[in-house]
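Number of protein chains: 2
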Amino acid sequence: MDYKKIDTGDVEYLVTLLGRDRVFTDEEINDDFSHDEMGGISRKPDVLVDVLTTEEVSKIMKYAYDHRIPVVARGSGTGLVGASVPVYGGIMINMSKMNRILELDEENLTLTLEPGVLLMEISEFVEEHDLFYPPDPGEKSATIAGNINTNAGGMRAVKYGVTRDYVRGLEVVLPNGEILEIGGKVVKNSSGYSIKDLICGSEGTLGIVTKAILKLLPLPKKAISLLIPFPSLDMAISTVPEIVKSKAAPTAIEFMQREVILAAEEYLGKKFPDNSSDAYLLLTFDGNNREEIERAYEKVADICLKEGACDVFIVDTDERKDSVWSARGAFLEAVKASTTDMDECDVVVPRNKVAQFIKYTHELQDRFQVRIRSFGHAGDGNLHVYVLKDELSEEAWKKKLSEVFEAMYSKSRELSGLVSGEHGIGFAKKAYMLEQYSQEYVELMKNIKLAFDSRNILNPGKIFQ
Amino acid sequence: MDYKKIDTGDVEYLVTLLGRDRVFTDEEINDDFSHDEMGGISRKPDVLVDVLTTEEVSKIMKYAYDHRIPVVARGSGTGLVGASVPVYGGIMINMSKMNRILELDEENLTLTLEPGVLLMEISEFVEEHDLFYPPDPGEKSATIAGNINTNAGGMRAVKYGVTRDYVRGLEVVLPNGEILEIGGKVVKNSSGYSIKDLICGSEGTLGIVTKAILKLLPLPKKAISLLIPFPSLDMAISTVPEIVKSKAAPTAIEFMQREVILAAEEYLGKKFPDNSSDAYLLLTFDGNNREEIERAYEKVADICLKEGACDVFIVDTDERKDSVWSARGAFLEAVKASTTDMDECDVVVPRNKVAQFIKYTHELQDRFQVRIRSFGHAGDGNLHVYVLKDELSEEAWKKKLSEVFEAMYSKSRELSGLVSGEHGIGFAKKAYMLEQYSQEYVELMKNIKLAFDSRNILNPGKIFQ
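Line by line, the protein sequences are chains A and B. All letters in the first sequence, in the order written, are residues 3 to 467 by the numbering used here. All letters in the second sequence, in the order written, are residues 3 to 467 by the numbering used here.
Heads up, a few of these hints could be off.
[Said to hold, decoys possible] Beta-carbon label-pair distances, calculated as ranges:
(1) Leu-54(B) / Gln-358(A): 30 to 36 Å
(2) Glu-416(B) / Leu-452(A): 33 to 39 Å
(3) Asp-324(B) / Met-122(A): 56 to 62 Å
(4) Leu-219(B) / Glu-437(A): 29 to 35 Å
(5) Asn-32(B) / Ser-456(A): 42 to 48 Å
[To be verified] Far from chain B by the CB rule (all over 10 Å, computed), these chain A residues:
(6) Gly-11
(7) Arg-24
(8) Lys-64
(9) Glu-129
(10) Glu-130
(11) Glu-293
(12) Cys-312
(13) Glu-335
(14) Ala-336
(15) Asp-368
(16) Phe-407
(17) Tyr-443
[Said to hold, decoys possible] Derived EDC-like pairs (lysine to aspartate or glutamate); straight-line CA-CA distance at most 20 Å:
(18) Lys-247(B) / Glu-129(A)
(19) Lys-249(B) / Asp-107(A)
(20) Lys-249(A) / Glu-294(B)
(21) Lys-249(A) / Asp-343(B)
(22) Lys-308(A) / Glu-261(B)
(23) Lys-448(B) / Glu-445(A)
(24) Lys-161(B) / Glu-442(A)
(25) Lys-247(B) / Glu-130(A)
(26) Lys-301(B) / Glu-294(A)
(27) Lys-308(B) / Glu-109(A)
(28) Lys-272(B) / Glu-261(B)
(29) Lys-448(A) / Glu-180(B)
(30) Lys-400(B) / Asp-343(B)
(31) Lys-301(B) / Glu-442(A)
(32) Lys-223(B) / Glu-296(A)
(33) Lys-217(B) / Asp-167(A)
(34) Lys-448(B) / Glu-183(A)
(35) Lys-61(B) / Glu-442(A)
(36) Lys-249(B) / Asp-132(A)
(37) Lys-301(A) / Asp-132(B)
(38) Lys-301(B) / Asp-132(A)
(39) Lys-247(A) / Glu-109(B)
(40) Lys-249(A) / Glu-126(B)
Bear in mind the hints are in silico, worked out from the structure with no lab data behind them. Even for Gly, the Cβ is constructed at its ideal location relative to N, Cα and C.
Could you build the full structure based on these sequences and the hints that come with them?
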């Protein structure tokens with residue numbers, strides 16, 4: 003693509019707009035800004051800027067649009083598919099200093115905030131007011147705008163849905179610098195195309211989110227988890243459709259394997275309540291009183307025991323909660339620390355196909371002689387499968403990874419699954435998405451992109467191009 | 003717009019494709035197909051066809067696209083804003099005979115169906131299996147594709163959300179005849195732009211829905227309603243933000259005025275449990291056991307009494323349920339039957355602004371000397387306000403209606419509301435939406451339309467053009 007190369011004139015413009023201390027070039031740019039959490043692709047922007055207001059974002063975009071300079075907006079950089087990496091260079095806008103919570107409206111149950119507020123800050127703030135922001139992705143230091151742009155899901159999606167379901171309104175700067183107010187505090191909206199829903203999950207390619215209005219719920223008064231050991235992962239996961247059919251409506255159904263638990267124990271230096279079984283389901287139930295929750299979990303415990311579970315541990319003491327959830331929160335880091343490099347597959351399959359998919363990854367592990375670790379959201383069919391490099395040479399690893407991924411995504415298609423459940427396509431998963439969608443489907447996405455960004459300057463090189 | 007006029011060659015093509023008995027022209031076209039439920043605008047299509055398969059729809063669209071013939075898809079025709087009226091003539095595709103329920107998947111809690119299945123058929127079918135499709139718009143004879151295209155909400159939106167939230171996957175025929183499969187049975191999806199969410203609420207302008215995969219929930223075991231009389235509507239509605247703040251999470255909060263209840267009593271020839279008060283709130287609570295529901299409604303009953311309610315009636319006997327819900331279901335028809343003509347405003351405002359808006363409609367009633375009746379979803383801020391023609395001349399009525407609407411939509415903007423909560427913009431509300439959105443916003447919607455329909459043949463003249 004034919005973009006203007008950043009020169010001193012462009013940098014001067016940005017300095018005039020933002021001041022010298024918020025514009026960075028060359029060595030001033032910390033290497034962190036060249037990659038995301040997974041690090042599969044890296045490149046530094048030509049210039050990095052910190053912004054504090056919507057108007058600043060608007061002026062930068064207008065300038066970039068007029069001069070055809072590529073722009074990438076970035077939050078905490080916790081993505082896993084390279085969506086925030088400036089593969090064409092240009093300007094990177096660091097949104098993470100626009101991080102104020104602007105308003106809690108208890109009459110309308112909404113929270114208005116700037117894009118850089120962290121997920122952990124949201125839950126802390128609203129729970130103090132006895133309110134609840136249900137989306138619960140594992141990475142708590144992600145920004146809310148990052149979550150909106152990947153339409154992150156998290157563990158509670160089984161019962162509560164994903165980020166998109168909790169976005170009521172957005173302020174967005176379009177690629178040409180125009181500022182759009184979309185939706186608002188209203189609960190329903192059938193007033194024209196739902197641009198809000200299109201922005202959610204668009205991975206920073208359609209507009210830059212500069213404000214969000216989130217929907218909140220009353221905070222459930224109680225939540226109790228069950229940790230249920232099974233003799234095999236297959237047995238554990240085959241139980242999930244039975245749980246779904248039972249209509250007990252758990253908040254979360256996670257699965258975990260012994261190897262991952264051991265890795266987390268080592269990583270954290272802390273014991274998990276039990277590590278004697280091959281596989282575990284971790285279920286959470288929430289509600290407003292103990293009896294209601296007990297009724298639900300007793301039903302599910304019975305189902306699990308009937309399907310072959312070894313035991314049922316109720317995670318109700320603070321100590322047990324801490325050991326279970328700190329381990330669950332450390333899985334990604336623990337797996338990462340156990341190897342030299344890795345890559346991840348975030349497929350989503352219908353819930354009753356999870357067992358089949360996981361079984362297939364075990365076959366791949368044997369066939370390709372490579373370590374594969376997985377954990378994830380059995381309750382919503384969204385798996386996080388990690389292929390580990392270990393002692394492979396860079397070349398052998400690339401080759402093997404590509405073959406294993408090819409096999410996994412092809413299996414996912416066969417099971418009516420999709421490439422990404424919540425991490426997005428970004429740069430890393432483009433080829434797999436393009437294999438899945440028809441030419442017309444991709445053409446339509448390209449047309450939508452052009453409807454927003456006729457000069458193709460906002461986060462180019464992502465999703466489908 | 004420069005469309006090809008239907009000629010005998012076009013009709014011949016359709017007859018060859020569908021057979022003589024599924025193609026209608028001139029007097030063979032029932033007048034019903036020229037308008038929707040509100041009837042503000044009417045025009046017959048040049049040719050009406052019944053379709054039975056996706057392939058037929060695809061072939062018709064391909065033909066229409068090649069020849070630049072406008073096409074409108076139609077379900078039950080229960081819309082209220084003229085969205086299904088073929089204002090440019092051309093082909094009307096009657097989708098209502100594609101009306102099979104294709105699959106109930108209890109392991110994934112999904113229902114796959116054709117576009118013409120009626121809302122009442124869905125609830126009946128899934129409830130037999132102890133499952134629940136939460137969206138609950140008043141018009142039960144609407145088709146599911148109609149509901150998807152307006153993103154209908156209904157009474158239970160307070161707790162459960164709107165139609166869009168229950169659409170997991172769609173099969174859509176694009177304006178050029180291509181068939182797209184979008185989403186699926188998967189619970190999460192971050193694999194490219196969310197075209198599904200864009201189709202929902204697009205009022206038949208972006209594609210024709212030929213199949214839908216809906217998300218179901220376990221059926222709550224119990225639901226109980228409270229009918230709460232208040233001395234004034236103002237007092238009733240001012241109580242709603244207190245209820246929302248209390249976090250009791252009712253399923254529905256409807257408001258109704260005495261005049262509307264009297265009209266329903268007359269229309270149905272059936273008594274409402276009470277008609278002695280000026281205004282009522284009707285609240286529903288659902289859950290899995292009686293105690294849980296009782297706890298919630300006792301809290302809300304206390305709030306209402308504290309805020310000045312005259313009484314609290316528990317709607318728990320079959321007789322009382324029938325009299326309350328049959329009246330609620332007949333409001334629209336009863337108001338319609340009480341006058342010579344009417345038009346409707348479907349604004350949505352933040353929940354804590356409902357009282358202010360309704361108060362303003364009372365002022366308008368006095369100022370313009372015209373009857374205005376309203377009822378609607380106090381719990382989600384979506385109001386249905388009816389302006390009645392009564393004995394006004396056609397000319398005086400048109401003038402007055404336009405002035406009253408202008409005032410109402412302007413008030414809604416002032417309160418950060420939007421033009422439509424669930425009925426859409428269609429043909430009738432275009433001007434008011436265009437007054438609200440910036441030029442850039444409208445431009446963006448037009449660009450999105452072109453991304454799907456570069457020849458602008460699918461349901462032209464709607465929403466923004």
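Structure-based check of each hint:
1. Checked against the given bound of 30 to 36 Å, the beta carbons of Leu-54(B) and Gln-358(A), roughly 34 Å apart, stay inside it.
2. Our hint of 33 to 39 Å for Glu-416(B) and Leu-452(A) holds, since their Cβ atoms are close to 35 Å apart.
3. Roughly 50 Å separates the CB atoms of Asp-324(B) and Met-122(A), a value that falls outside the hinted 56 to 62 Å.
4. At roughly 34 Å, the beta carbons of Leu-219(B) and Glu-437(A) sit within the given window of 29 to 35 Å.
5. At about 45 Å, the beta-carbon gap between Asn-32(B) and Ser-456(A) stays in the expected band of 42 to 48 Å.
6. For Gly-11(A), the requirement that its beta carbon stay farther than 10 Å from each beta carbon of chain B is met, with the minimum near 28 Å.
7. At roughly 27 Å from the closest C-beta of chain B, the C-beta of Arg-24(A) stays outside 10 Å, upholding its exclusion from the interface.
8. The Cβ of Lys-64(A) sits about 12 Å from the closest Cβ of chain B, beyond the 10 Å cut-off, so the non-interface label holds.
9. Here Glu-129(A) stays apart from chain B, with its beta-carbon at least about 13 Å from theirs, past the 10 Å limit.
10. In this structure Glu-130(A) is separated from chain B by more than 10 Å, as the shortest Cβ-Cβ distance comes to about 14 Å.
11. Not every C-beta of chain B lies more than 10 Å from that of Glu-293(A), the closest at about 8 Å, which undercuts listing it as non-interface.
12. Non-interface call for Cys-312(A) relative to chain B: holds, since the shortest CB-CB distance, roughly 24 Å, exceeds 10 Å.
13. Residue placement check: Glu-335(A) keeps its beta carbon more than 10 Å from all beta carbons of chain B (closest about 22 Å).
14. No beta-carbon of chain B is positioned within 10 Å of the beta-carbon of Ala-336(A); the least distance is around 23 Å.
15. Look at Asp-368(A): its CB is around 27 Å from the nearest CB on chain B, clear of 10 Å, so calling it non-interface holds up.
16. The Cβ of Phe-407(A) sits about 15 Å from the closest Cβ of chain B, beyond the 10 Å cut-off, so the non-interface label holds.
17. Here Tyr-443(A) does not stay apart from chain B, with its beta-carbon only about 6 Å from theirs, under the 10 Å limit.
18. For a cut-off of 20 Å, the pair hint linking Lys-247(B) to Glu-129(A) stands: about 14 Å separates their Cα positions.
19. For the hint linking Lys-249(B) to Asp-107(A), the alpha-carbon distance of about 13 Å falls within 20 Å, and the restraint holds.
20. Among the hinted pairs, Lys-249(A) with Glu-294(B) is consistent with the structure: their alpha-carbon atoms are about 17 Å apart, no more than 20 Å.
21. Between Lys-249(A) and Asp-343(B) the CA atoms are separated by roughly 47 Å; this puts the pair beyond 20 Å, and the hint is violated.
22. With a C-alpha separation of about 58 Å, the suggested pairing of Lys-308(A) with Glu-261(B) is violated against the 20 Å cut-off.
23. A threshold of 20 Å between alpha carbons decides the hint, and for Lys-448(B) with Glu-445(A) the separation of about 18 Å falls inside it, so the pair holds.
24. In summary, the hint linking Lys-161(B) to Glu-442(A) is not supported, as the alpha carbons are separated by about 37 Å, beyond the 20 Å threshold.
25. Among the hinted pairs, Lys-247(B) with Glu-130(A) is consistent with the structure: their alpha-carbon atoms are about 15 Å apart, no more than 20 Å.
26. About 18 Å separates the Cα atoms of Lys-301(B) and Glu-294(A), which keeps this hinted pair within 20 Å; it holds.
27. Distance check on the hinted pair: Lys-308(B) and Glu-109(A) sit about 18 Å apart at the alpha-carbon level, within 20 Å; holds.
28. Taking the CA atoms of Lys-272(B) and Glu-261(B), the gap is near 15 Å; set against the 20 Å cutoff, the hint holds.
29. Restraint check for Lys-448(A) and Glu-180(B): the C-alpha separation of about 16 Å stays at or below 20 Å, so the hint holds.
30. Restraint check: the Cα-Cα separation between Lys-400(B) and Asp-343(B) comes to about 11 Å, which is no more than 20 Å; the hinted pair holds.
31. Our distance criterion of 20 Å between C-alpha atoms is broken by Lys-301(B) and Glu-442(A), whose separation comes to about 54 Å.
32. The suggested pairing of Lys-223(B) with Glu-296(A) holds, with an alpha-carbon distance near 17 Å, which does not exceed 20 Å.
33. As the CA atoms of Lys-217(B) and Asp-167(A) are separated by approximately 14 Å, the hinted pair is consistent with the 20 Å bound.
34. With a CA separation close to 17 Å, the supplied pair Lys-448(B) and Glu-183(A) stays within the 20 Å bound.
35. About 16 Å separates the Cα atoms of Lys-61(B) and Glu-442(A), which keeps this hinted pair within 20 Å; it holds.
36. A distance of roughly 9 Å separates the Cα atoms of Lys-249(B) and Asp-132(A); the hinted pair therefore holds under the 20 Å criterion.
37. With a C-alpha separation of about 17 Å, the suggested pair Lys-301(A) and Asp-132(B) falls inside the 20 Å cut-off, and the hint holds.
38. Straight-line distance between C-alpha atoms of Lys-301(B) and Asp-132(A) comes to about 17 Å, which keeps the hinted pair within the 20 Å bound.
39. A distance of roughly 6 Å separates the Cα atoms of Lys-247(A) and Glu-109(B); the hinted pair therefore holds under the 20 Å criterion.
40. Distance hint between Lys-249(A) and Glu-126(B) is fulfilled; the C-alpha atoms sit about 18 Å from each other, no more than 20 Å.
Checked against the numbered hints listed earlier, the structure breaks hints 3, 11, 17, 21, 22, 24, 31; every other hint is satisfied.
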